[in-house]
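*Asks:* Chain by chain, the residues:
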Amino acid sequence: MSSRRDLLQIGAALTATAAGAQEHSHPSDKETAPAKKQARFFKPAEMDLLAKLVDHIIPRSDTPGAADAQVHYYIDWQCFTSPRRGAQLRKDLAWIQKQKFTNSDQVALLTSWSKSTGEPRRIFQTIKDLTIDGYYGTKEGLQLELGWNANTFVREFKGCTHKEHA
Amino acid sequence: MFTQSSPEVHDVIVIGSGAAGGMSAWNLAVNHGVNVLMLDAGARFKREEFWTHVKPWQWRERIEKGLAPPKIQLDVKEQPYESKEPNRFDLIRVWGRGGKTNIWGRVALRYSDLDFEGPAKDGWEIPWPIRYKDLAPYYDKVDQTIGVCGGDDDTDSLPGSRFHQPPPALRCGERFMKRSAEALGIKVVNQRKAVNTKPANGHNPCHYCGACGRGCDVSAFFNSTDYLLDPAEKSGRLKIVDNAVVAHILLGDNGLAKGVRYFDRFTKAERIVYGKRIILGASCVDSTRILLNSKIGNSSGVIGNYLCEQVRFHIMGFVPELMGTKALNDDGLGGEHIYLPRYNARDGRKRDYLRGFGSQFWNTGSQAGVGNWAKQLEGFGLDLKRGIKKRYPALVAMHPYGEVLPYKQNRVTVEGTPKDRYGIPISRIEYSIGENERKMLNEMYDMAESVFKGMKAEMVPFERGTIDPFGSAIHEHGTCRMGDDPKRSALNGFNQMHDVRNVFVVDGSSFTTASEKNPTITILALAWRATDYLAQQMRTGNL
Numbered sequence: 001m002s003s004r005r006d007l008l009q010i011g012a013a014l015t016a017t018a019a020g021a022q023e024h025s026h027p028s029d030k031e032t033a034p035a036k037k038q039a040r041f042f043k044p045a046e047m048d049l050l051a052k053l054v055d056h057i058i059p060r061s062d063t064p065g066a067a068d069a070q071v072h073y074y075i076d077w078q079c080f081t082s083p084r085r086g087a088q089l090r091k092d093l094a095w096i097q098k099q100k101f102t103n104s105d106q107v108a109l110l111t112s113w114s115k116s117t118g119e120p121r122r123i124f125q126t127i128k129d130l131t132i133d134g135y136y137g138t139k140e141g142l143q144l145e146l147g148w149n150a151n152t153f154v155r156e157f158k159g160c161t162h163k164e165h166a
Numbered sequence: 001m002f003t004q005s006s007p008e009v010h011d012v013i014v015i016g017s018g019a020a021g022g023m024s025a026w027n028l029a030v031n032h033g034v035n036v037l038m039l040d041a042g043a044r045f046k047r048e049e050f051w052t053h054v055k056p057w058q059w060r061e062r063i064e065k066g067l068a069p070p071k072i073q074l075d076v077k078e079q080p081y082e083s084k085e086p087n088r089f090d091l092i093r094v095w096g097r098g099g100k101t102n103i104w105g106r107v108a109l110r111y112s113d114l115d116f117e118g119p120a121k122d123g124w125e126i127p128w129p130i131r132y133k134d135l136a137p138y139y140d141k142v143d144q145t146i147g148v149c150g151g152d153d154d155t156d157s158l159p160g161s162r163f164h165q166p167p168p169a170l171r172c173g174e175r176f177m178k179r180s181a182e183a184l185g186i187k188v189v190n191q192r193k194a195v196n197t198k199p200a201n202g203h204n205p206c207h208y209c210g211a212c213g214r215g216c217d218v219s220a221f222f223n224s225t226d227y228l229l230d231p232a233e234k235s236g237r238l239k240i241v242d243n244a245v246v247a248h249i250l251l252g253d254n255g256l257a258k259g260v261r262y263f264d265r266f267t268k269a270e271r272i273v274y275g276k277r278i279i280l281g282a283s284c285v286d287s288t289r290i291l292l293n294s295k296i297g298n299s300s301g302v303i304g305n306y307l308c309e310q311v312r313f314h315i316m317g318f319v320p321e322l323m324g325t326k327a328l329n330d331d332g333l334g335g336e337h338i339y340l341p342r343y344n345a346r347d348g349r350k351r352d353y354l355r356g357f358g359s360q361f362w363n364t365g366s367q368a369g370v371g372n373w374a375k376q377l378e379g380f381g382l383d384l385k386r387g388i389k390k391r392y393p394a395l396v397a398m399h400p401y402g403e404v405l406p407y408k409q410n411r412v413t414v415e416g417t418p419k420d421r422y423g424i425p426i427s428r429i430e431y432s433i434g435e436n437e438r439k440m441l442n443e444m445y446d447m448a449e450s451v452f453k454g455m456k457a458e459m460v461p462f463e464r465g466t467i468d469p470f471g472s473a474i475h476e477h478g479t480c481r482m483g484d485d486p487k488r489s490a491l492n493g494f495n496q497m498h499d500v501r502n503v504f505v506v507d508g509s510s511f512t513t514a515s516e517k518n519p520t521i522t523i524l525a526l527a528w529r530a531t532d533y534l535a536q537q538m539r540t541g542n543l
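Residue numbers (this note's numbering), protein chains in the order written: chain A, 1 to 166; chain B, 1 to 543.
Just so you know, the hints here were simulated from the structure itself, not pulled from any lab data.
Bear in mind that the values here come from a model prediction, so they are computed numbers and not experimental data.
Where a beta carbon is used, it is the ideal one built from N, C-alpha and C, also for glycine.
Incorrect hints may have been included.
Short derived list, chain B residues pointing at chain A, Cβ under 7 Å [claimed, not checked]:
#, residue
1, 169
2, 171
3, 172
4, 198
5, 383
6, 460
Derived coverage of chain A by chain B (criterion: at least 3 residues anywhere in the stretch with Cβ under 8 Å from a Cβ of chain B; other residues may be distant) [stated by the list, open to error]:
#, stretch
7, 96–109
8, 127–139
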């Protein structure tokens, strides 16, 4: 797990990269403020449930979790652009509610579904897959959590810098 | 319908603007002073609009705002082809200036005499009419012209070059894979890529942003537009017609080609241009379709048959020593920096199949996504989050490529197919692999598993024997093959049609076999050599 010190180092590295990137920038590079998220497919109650689910799958640690990164809105967008998928996920969320998810030991339920076979496992895996795709494509997941710092101008590619791997 | 035609008779008409057409036009216009008319099915892509330095989250935001990156690949809805399950063949095409060189993998591996002599030795199917010595000077010239980085290795399966630019440093995972393969006696070398690692010929060096598949915004890797077509246009001897979708090559009463019929991509207006010589480089399947619809040059009956490419699969794992280390910027050239050349012809190795395989290694190290492996980890919660982070910098991947033999039944046909928006029959692709490829795949899997075992890598679960969809290597060859025997081949050793000697076919369709290698640098070398020959024939009045 990253310490606060590590997070500060990541922040410093990001700042340094931004300075380097100025050497080679494009109009297309400029980061615009993200638009305020708005659900386009799911209803508020469904969004609340999705937020709980994604937060269980990738919770907050010393870095933001999936709900912090608004991954439930990513899933909403996926369903908005693929209504067939949306219709299935809507049914899946209804099934989860029927299991009295909100008022139960949610971790125990998810654990049991993750280890089951058949429908509960499929539903669990669907939401897990979407959460992983969503979270690790966000700045919070990819940059802050994993330390990805690429797709940018680099004057010299250094490759592996570990002497012990030479 | 009114057909507009120009009375001008061009010295040479080139069909297609990718590696094959681009090299042909450039060599004729710049090096030989020949006037060339090029017909390109699309138009120039705007470099400044490429989404190169766009982070994944920015990408999403743009898409949600209704924006889209430049569309480079041809939409199959615009120009369909037929291919039926379970043997679906994915045909990737680019209609636009530079063709597939805008987004190609840039792997630049020379064919060797193991490739050129293979069919003559093992009898499958017909011999190549050329050998490495015929093409070696052209590979040298291509390396110097387009800029290829790589090492100083030189072996029987992968001939060396004196003109490589410096190779990039290896990523951590690549060091481990190289070491593990070499402990098994399998040599791993620096990958050769058509990427400038230093300024050369007025082209920028790579800045290692890793977004090559979206098109290079500074033109650091070879693409036909910047490296060939722009200089050719500047010479004043190349004229390019945009959005010209070629349908037919027209034959005159003397048995020679006299011109080309094409349609405007958007207005659908039909036009004819006349030329004394025609060079076809519209990519393997589209060139084949043009020839079949034109009903020319096929007294041998081979045109359309013997479609071949490579079988390949992907295998991933995690190096224990790299787990939990800090993620590095592993973008590099975009794609791997190492290559495992074919080795199975050496040391008296016994094999129960013909030909061979090599391996590539892209997606090694810290990537801009984890979906292709993280979903397979069990559980959820903090354990899952930690498990993903631990493995993230330790990812290693192999992608072996094996040669598919040319089979007559693997073919492109146009008879009885539906017509496209211009009223021209579309292509039907029939394709499958045989016992030879299945046996080779066994050894490819054995090799890849051994390399991973040698590193004590934790494997991402995989199903042995699984292969990529047909066509996904985007290396179609063989449907208008060259050979010495006009009864079994369509072209001679200079890519010239046996039947219609003022037509040259210079793209991947001209290959006699597919090899295990990426073809573009060989297409460039063949096109250069073919057009040198054509220019010489023009000078002596033979053509």
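*Asks:* All hints, please: hold or fail.
*Replies:* Hint by hint, here is what the structure shows:
no.: 1; hint: 169; in the structure: holds, 3 Å
no.: 2; hint: 171; in the structure: holds, 5 Å
no.: 3; hint: 172; in the structure: holds, 4 Å
no.: 4; hint: 198; in the structure: violated, 11 Å
no.: 5; hint: 383; in the structure: violated, 10 Å
no.: 6; hint: 460; in the structure: violated, 14 Å
no.: 7; hint: 96–109; in the structure: violated (count 1)
no.: 8; hint: 127–139; in the structure: holds (count 8)
Checked against the numbered hints listed earlier, the structure breaks hints 4, 5, 6 and 7; every other hint is satisfied.
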